[in-house]
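> These are the residues of each chain, in order.
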Amino acid sequence: GAVVSQHPSWVICKSGTSVKIECRSLDFQATTMFWYRQFPKQSLMLMATSNEGSKATYEQGVEKDKFLINHASLTLSTLTVTSAHPEDSSFYICSARGGGMNTEAFFGQGTRLTVV
Amino acid sequence: GDSVTQMEGPVTLSEEAFLTINCTYTATGYPSLFWYVQYPGEGLQLLLKATKADDKGSNKGFEATYRKETTSFHLEKGSVQVSDSAVYFCALYTRGATNKLIFGTGTLLAVQP
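Note that the protein sequences, when read in sequence, are chains G and H. First residue of the first sequence: 1, per my numbering; consecutive thereafter. First residue of the second sequence: 1, per my numbering; consecutive thereafter.
Lysine to aspartate or glutamate pairs mimicking DMTMM-like chemistry, simulated, CA-CA at most 20 angstroms apart:
no., chain 1, residue 1, chain 2, residue 2
1, H, K60, H, E42
2, G, K55, G, D65
3, H, K100, G, E59
4, H, K100, G, E52
5, H, K49, G, E104
6, H, K52, H, E63
7, H, K60, G, E104
8, H, K56, G, E104
9, H, K100, G, E104
10, H, K49, H, E69
11, H, K100, G, E63
12, H, K52, G, E104
13, H, K68, H, D54
14, G, K55, G, E22
No lab work stands behind these hints: they were computed from the structure. In this text, all values refer to a predicted model and were calculated from it rather than measured experimentally.
Full structure from sequences and hints, please.
Rendered as structure tokens:
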């Protein structure tokens, strides 16, 4: 299947700083990218959906000013956690899909964020 | 709203044992159903899927049948291997305006030699 690369795999940052996570589709054009957050022993919760060149659509309860999503090209989306706090520590996973609604979504390996 | 419930883990089995991981769902429409697998240190991969009632998805010896009457999509494998050790996620896909995957909590499978 297609490859989605997520970077970094893990990051530790200080409270109050910002962290950027990159998600790249390596061998296909991702018209839609999804960002998920996973808490320990819990489901993957969809945070936002972004289409290339458009503003991201955030799920209810997700602060768009805190979790900035940019999808400037067909192969790259970024998630920036601004003014990070310890409660933002989590596992963040991106997913990318090319083509229409019924095409398969491919997942990155995830990023473990720890805010100290 | 739509949701997925799957059995909690970890599930620990010996090699060549029979595997069942239960998954049930709640959906207002007619969802597509999926099993994803996440091997250690890797991203999620689609394992199998079924798009309508009575469909059976299969891959790598794993099977799951879309049962509308019991709203279930249980994952089975007749003989597990150590290499099957991973976290398995059941998910549903809602068509239309929401157009997103909803995941279960994941079940860790550990297969011992």
